[in-house]
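Visitor: One-letter residues, chain by chain:
2 protein chains.
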Amino acid sequence: MQPVLVVGSVALDSIETPFGSVSRVVGGAATYFAIAAAHFTNVRVVAVVGDDFDDERMKIFQNRRIDLAGLQRVSGETFRWKGRYKDNLDDRETIYTHLNVFEAFRPAIPPTYCASPFVFLGNIHPTLQLEVLGQVESPQFSVADTMNYWIEGTPDELRLVLSRVDGLVINDAEARQLSGESNLVKAARIIQAMGPKLLIIKRGEHGVLMTRPNGFFAVPGLPLESVCDPTGAGDTFGGGFLGYLAGCSDVNDEALARAVIAGSTMASFSVEAFGLERLLSVTRDEIMQRFSEFKRLTHFEEL
Amino acid sequence: MQPVLVVGSVALDSIETPFGSVSRVVGGAATYFAIAAAHFTNVRVVAVVGDDFDDERMKIFQNRRIDLAGLQRVSGETFRWKGRYKDNLDDRETIYTHLNVFEAFRPAIPPTYCASPFVFLGNIHPTLQLEVLGQVESPQFSVADTMNYWIEGTPDELRLVLSRVDGLVINDAEARQLSGESNLVKAARIIQAMGPKLLIIKRGEHGVLMTRPNGFFAVPGLPLESVCDPTGAGDTFGGGFLGYLAGCSDVNDEALARAVIAGSTMASFSVEAFGLERLLSVTRDEIMQRFSEFKRLTHFEEL
Numbered sequence: 009m010q011p012v013l014v015v016g017s018v019a020l021d022s023i024e025t026p027f028g029s030v031s032r033v034v035g036g037a038a039t040y041f042a043i044a045a046a047h048f049t050n051v052r053v054v055a056v057v058g059d060d061f062d063d064e065r066m067k068i069f070q071n072r073r074i075d076l077a078g079l080q081r082v083s084g085e086t087f088r089w090k091g092r093y094k095d096n097l098d099d100r101e102t103i104y105t106h107l108n109v110f111e112a113f114r115p116a117i118p119p120t121y122c123a124s125p126f127v128f129l130g131n132i133h134p135t136l137q138l139e140v141l142g143q144v145e146s147p148q149f150s151v152a153d154t155m156n157y158w159i160e161g162t163p164d165e166l167r168l169v170l171s172r173v174d175g176l177v178i179n180d181a182e183a184r185q186l187s188g189e190s191n192l193v194k195a196a197r198i199i200q201a202m203g204p205k206l207l208i209i210k211r212g213e214h215g216v217l218m219t220r221p222n223g224f225f226a227v228p229g230l231p232l233e234s235v236c237d238p239t240g241a242g243d244t245f246g247g248g249f250l251g252y253l254a255g256c257s258d259v260n261d262e263a264l265a266r267a268v269i270a271g272s273t274m275a276s277f278s279v280e281a282f283g284l285e286r287l288l289s290v291t292r293d294e295i296m297q298r299f300s301e302f303k304r305l306t307h308f309e310e311l
Numbered sequence: 009m010q011p012v013l014v015v016g017s018v019a020l021d022s023i024e025t026p027f028g029s030v031s032r033v034v035g036g037a038a039t040y041f042a043i044a045a046a047h048f049t050n051v052r053v054v055a056v057v058g059d060d061f062d063d064e065r066m067k068i069f070q071n072r073r074i075d076l077a078g079l080q081r082v083s084g085e086t087f088r089w090k091g092r093y094k095d096n097l098d099d100r101e102t103i104y105t106h107l108n109v110f111e112a113f114r115p116a117i118p119p120t121y122c123a124s125p126f127v128f129l130g131n132i133h134p135t136l137q138l139e140v141l142g143q144v145e146s147p148q149f150s151v152a153d154t155m156n157y158w159i160e161g162t163p164d165e166l167r168l169v170l171s172r173v174d175g176l177v178i179n180d181a182e183a184r185q186l187s188g189e190s191n192l193v194k195a196a197r198i199i200q201a202m203g204p205k206l207l208i209i210k211r212g213e214h215g216v217l218m219t220r221p222n223g224f225f226a227v228p229g230l231p232l233e234s235v236c237d238p239t240g241a242g243d244t245f246g247g248g249f250l251g252y253l254a255g256c257s258d259v260n261d262e263a264l265a266r267a268v269i270a271g272s273t274m275a276s277f278s279v280e281a282f283g284l285e286r287l288l289s290v291t292r293d294e295i296m297q298r299f300s301e302f303k304r305l306t307h308f309e310e311l
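If you read the protein sequences in the order shown, they are chains A and F.
Remember, this note's numbering sits 8 above the position in the first sequence when you count from 1.
Remember, this note's numbering sits 8 above the position in the second sequence when you count from 1.
These aren't lab readings, by the way, just hints derived from the structure by calculation.
Careful, some of the hints might be misleading.
Each pair may be met inside one copy or between any two copies, as identical chains are not told apart.
[As the list claims (entries may be wrong)] When the alpha-carbon atoms are kept at most 25 Å apart in a straight line, the in silico SDA-like pairs for lysine to any residue are as follows: (1) K303 with E262; (2) K94 with E310; (3) K194 with K303; (4) K194 with R211; (5) K303 with L232; (6) K94 with G161; (7) K194 with S29; (8) K194 with E233; (9) K194 with L136; (10) K194 with G28; (11) K205 with D99; (12) K205 with S257; (13) K303 with N222; (14) K303 with A263; (15) K205 with R167; (16) K194 with G212; (17) K205 with L138; (18) K90 with G28.
The shape of chain A in the complex, shown without the other chains (with noise of 0.2 Å):
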């Protein structure tokens, strides 16, 4: 089991959607990927918070396998994000992004990190994604979030971070996006030229979609009775899927489909209940339970 270095935000988040809202609660990239991650690794975490995020708020870190020494604490407020979603919880409409402390932020690797075989970049400025790669000793797998933001108005840095990057996370309009290309095959193809030989096309409730060196894998989503809040969903995606693969003495192509199903498991807790208090709850029995629910799902015999 090999511990997982992960820099992004750490926010608080208000969130409406039509079954409720919450105000103020803790997310953030890092946070949603460092709980999913931790149930199955021992995760460190490069973010920054203000002085506003306060012991309660710390509380969520605690009694589990993260490391907070990447945390930094400074004057001012913490990142602070308010999103509303329609009736479908498909489309969500931002309300302000206040970027706060996280403007200014630098990611400055603690020298415990440096040795991190796990790296995951969240969805961060691709010239903050060099710092961290910059300052990990050659990285065993390197996994990076973008997004259309970065893809338009970055797009020099972020060819830079992909050509040092062993996977990419995205969803499939910025597949199509990235590639110039509307086949997801040839899209495909065409953004692993630039570098990362994984990609994980992110597709909502339909699933996942991934390339490995011996041909695609897919997961539909799971049909999920109460659907509450998708916020995190991408990154508790990430957190289960690189976590489960830190634990693994191998990255090969089993372990790779196992571990997009511990991330679509960890994904299917998150949109459950607001924000992260599904997965802050969920159990390890609960973990291999819907794990085999996928199996349950997909599974059928050859003719």
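Based on these hints, arrange chain F on the given structure of chain A.
Guide: Then chain F, alone, in the frame of chain A:
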């Protein structure tokens, strides 16, 4: 191996996609269904063509396990449809629909068809679907296709059909529309209460979701490098699905799962060329190989 009866359209299609165009090629729901199903079992066709449906066009049915005793030939032109697909092949625009001889079509089941154990009611007026059910002696397994047009326009007639069939094939938007429920798990339960215990939800490139007595089964779409023409993919799926099932000794959970893969396999061939071209040339070996590709795409071991 038991025979399958299909009722639906036989048409002359004109199709434009970003990859080319074809004019007045043989198409229609019953045709796609029959050609796909005949790879697995004997098929009985109930449909109508005009006197423009010449011997050359009839050839596509020859040397296949397709019984045309129920294919009416009447004076006038065959059903004609013209459609145009946009760049991503998701959206299509109907240029024209000329019902022609299909306008006065009343399905007449030949005596040799009356004891058909498997029945597929193509996407036609629910009243015609009911007329077919009235002429077949208590089929073992019946599946109906429908669409938003009938959900909105003839809800009472559709309800009668639903109360009498075992299965329903629709897409996810239609499932939400028919049930008035956006969550697919709840939507499925509501539709099952209307009659069909088996609900097969088509999701285009995202694959298929099916309810079964013992829980959902789902398969993602196979990533295809060359998608040329999606016309008929849904009916081809239906033909592969019900054709495979009719070849099984028992309609149980495992057979249903494999039937979804058989349907998805046939649909994946159908979209690779214009119209019926690929479906007409595909071999038993190619079908077996692609079935295995679905297995490789989705297989993972338990934790």
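Visitor: Which earlier hints turn out false for this structure, listed by number in ascending order?
Guide: Result: hints 2, 6, 9 and 11 break, sorted rising.
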